[in-house]
Amino acid sequence: MSGFVERVVEDWLTNSDERSYQLPFASYLTKSGHKVKYVSSHGALEHGKDIISISPQREMHAYQLKAGNINLASWREMAGEVREAATVPVEIPGIARRAVDRAFLVLTGRVADPVRNQITLINDDHISRGYAPIETVELPELVGKFTAVFESFFPATIAPLHDLVRLYLQNGRGPQSKSTLFTVLENVVGSPSRPSAMARALSNLVVAAEFAAAPYRGSRNSISVIDTWVIAACHILRLARRLSLHPRYWKQPLGFCQQAIGSAGTDLLDECFSRDHFLEGDPLLDAAFLPHRKSIVLGYMGAAVNSRFIQGKEVREHSARLLDVLHRERPLGGWGEGTWNYYLNLALALRHTPDGDTTAEAMVASWLADTCPRRPPWPKDPYWTADDEVSLSRQREQSTREEPERSRISYTAAAATGFLARRMLRNTLKWAWSAFSRYLLAQVVPAEPWRELDWTIEETCLELQVLPITGSWSKLREQAAAQRSALFGEEESWLLPYFLCVYPHRTTPALSGELDFLTSSPSFRKEWSN
Amino acid sequence: MLLDWPAEKQELQEHLKRAIRWQMLASAPVVARIPHVTLQEGRKLVFVYPDGSRKEVELTAHEASWEVERDELIRGGGKHLLQAVESLGGAMAKDVETAFFRTLREASEKTGAMFRGETAQDLAAASLRALKSMDIEFDEDGRPEVLMVVSPEMIKRLAELENPKMRKRVDSVLEKKRDEWLRRESRRRLAD
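Each protein sequence line maps, in turn, to chains A and B. The numbering of the first sequence is the numbering used here, which starts it at 1 and goes up by one. The numbering of the second sequence is the numbering used here, which starts it at 1001 and goes up by one.
Hints may be right or wrong, so weigh each one.
Anything over 12 angstroms on all C-beta distances counts as not near chain B; from chain A, calculated [what the hints assert, rightly or not]: (1) Ile127; (2) Ala288; (3) Ser493.
Partial list, computed: chain A residues near chain B (C-beta under 7 angstroms) [unchecked claim]: (4) Arg375; (5) Glu405; (6) Leu429; (7) Lys430; (8) Trp450; (9) Glu463.
Hint data in this document are derived by calculation from the structure and do not stem from the laboratory. Think of the CB as a built atom: it goes at the ideal place given N, C-alpha and C, for glycine as much as any other residue.
Make a model of the complete structure from these sequences and hints.
Next up, the structure:
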């Protein structure tokens, strides 16, 4: 087993770039008792430091991470940066400006002998000037460190090992297998009884998440990278909620997830804004898949913009560009009510410009009309995914047998109605009432709120609301104002937009309303409360 | 152990489950005609009405079994699968329909929506009375959405009643029902 794990870890590391193993390495440090104070987003303020931590001995450590072997030529390019890691004092909010006690060059390869000689000379100089020498952590040592982390969850989970390795070997161009990943990560965490064991388990989870994200990162498939990390983040939060854990146990691993998700979100926006179409692969074949990809990609782009807005970042330019992309890519594809969360994210991300605001309202009004048709076939429920829709075998299975008619149920009409009512679009709702009031408004109500973070909720109830023939506008407004959710606390609210994309079956009016609230202007929020 | 095909068996098992369900629906046409709700998560269903009242729907487990001798299976070379699907689907349908009719009977007895008649005239009058007492919905094309459950024997007796006069009386009741429905639907709007 041990030899196998080492080989898997070595394969993963040798195929990783420095960004790929940065978060797992930070997580490894946490697990080893370090307090990670800084993880670089690869900006201008690095000064050669990718990670800064305080060791259990209260020493300040700086780590520079590199991918592959270092020969003399590559050393010449990076030597200055590596020296800076040891010599430029650290400036981090909350910590007095000071030089590091130890500086490490960590690499997923080996250092060539001439480079080793140069490092020795540099270290002589550093020691004479009172700076930390540069210590190297090369591939064999790095494999050893990670293997120790991996082994702490691999042997305990022999059965899902197959699933974890299967996830690792997936084609990185496709979608993440979300339900399998959820189960695998559940097994990685296990059920530790003590909070300290839980903290170690959550560090494992970060390493496992990056491991599962590796094929997608390698293919630059940002959406599947986001899926992987969002599921990891949801695991952390559900454990925190379930066990009422003190934030000190879960804040840091959740922070790593936030960094990975934010970074993948930025990559997605950069890629999509720089492309002039959303085609992938052979255009002849892709024509059948393109409409669905458009909805998903635009939904995730919307989530990236919404998440940034929630974190207090400026998004007007992105919102305007998103509107341009939407105009170019219309019409979008749909596969039933499982499309709602993508539409909602997109609509809410558009409204930072006047044109976008109008487009958002029109999108939701047209959603309400489409999701509550007057004649069958009724739209598929939100558990029917885009993957189901594009699968030939599943389509064949659907078309060969006549299923009994589904009741007139809508999982998303209440959310869309709330959106429109909050914007005082009374005439739109008056016009739509005769159709949607015939529907039963469905929502999943779990026994405990945090269970909404589960991929599949065991203990829950499906509530079907029967609407009156004559509806009341004031009651509709009242219900719309009450559409709020406390699933994510204020500090974790950045996750909600992504959560809705990754869990398209979580379509409750409360979650949709919460996203609306969080992405609203202060004046709109004030009106909402009144 | 000897060579086996676990993944393929898993796939076949999934296929069999679906086949049994379809067989059940084919053998229970009344149940198959009722619009259904699929519970994808959890095992509880609650209706919430406009007046705030709630009605929880109890889920009932339905079981069916089918037996065959092992030697017979070994000799059969797989042909028993089809028999198993038909038998299990049929047994399940019977179980589901029995439960369905029991629920329907209980509800009908409470609401008076049950009818019977000794003579042809009694039956005609009773069926019209039942039709008159029902709240009938019409679809977007104006077709009535009526579900009447009758025994095969009664179908024959009702068919014997089919004549222009009876047709006219039924149409007249349905016309009234359509008017009632239109009046009801004209109130379907968003007020203050």
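Evaluation of the provided hints:
1. Ile127: Its Cβ never comes within 12 angstroms of chain B, the nearest being 61 angstroms, so this holds.
2. Ala288: Fine: 25 angstroms to the nearest Cβ keeps A:Ala288 off the interface.
3. Ser493: A:Ser493 is indeed farther than 12 angstroms from all Cβ atoms of chain B, at 24 angstroms.
4. Arg375: holds, 5 angstroms
5. Glu405: Constraint on A:Glu405 satisfied, holds at 5 angstroms.
6. Leu429: holds, 6 angstroms
7. Lys430: holds, 5 angstroms
8. Trp450: violated, 15 angstroms
9. Glu463: Given a least distance of 5 angstroms, the restraint on A:Glu463 holds.
Going through the hint list in order, the structure does not satisfy hint 8, though it satisfies all others.
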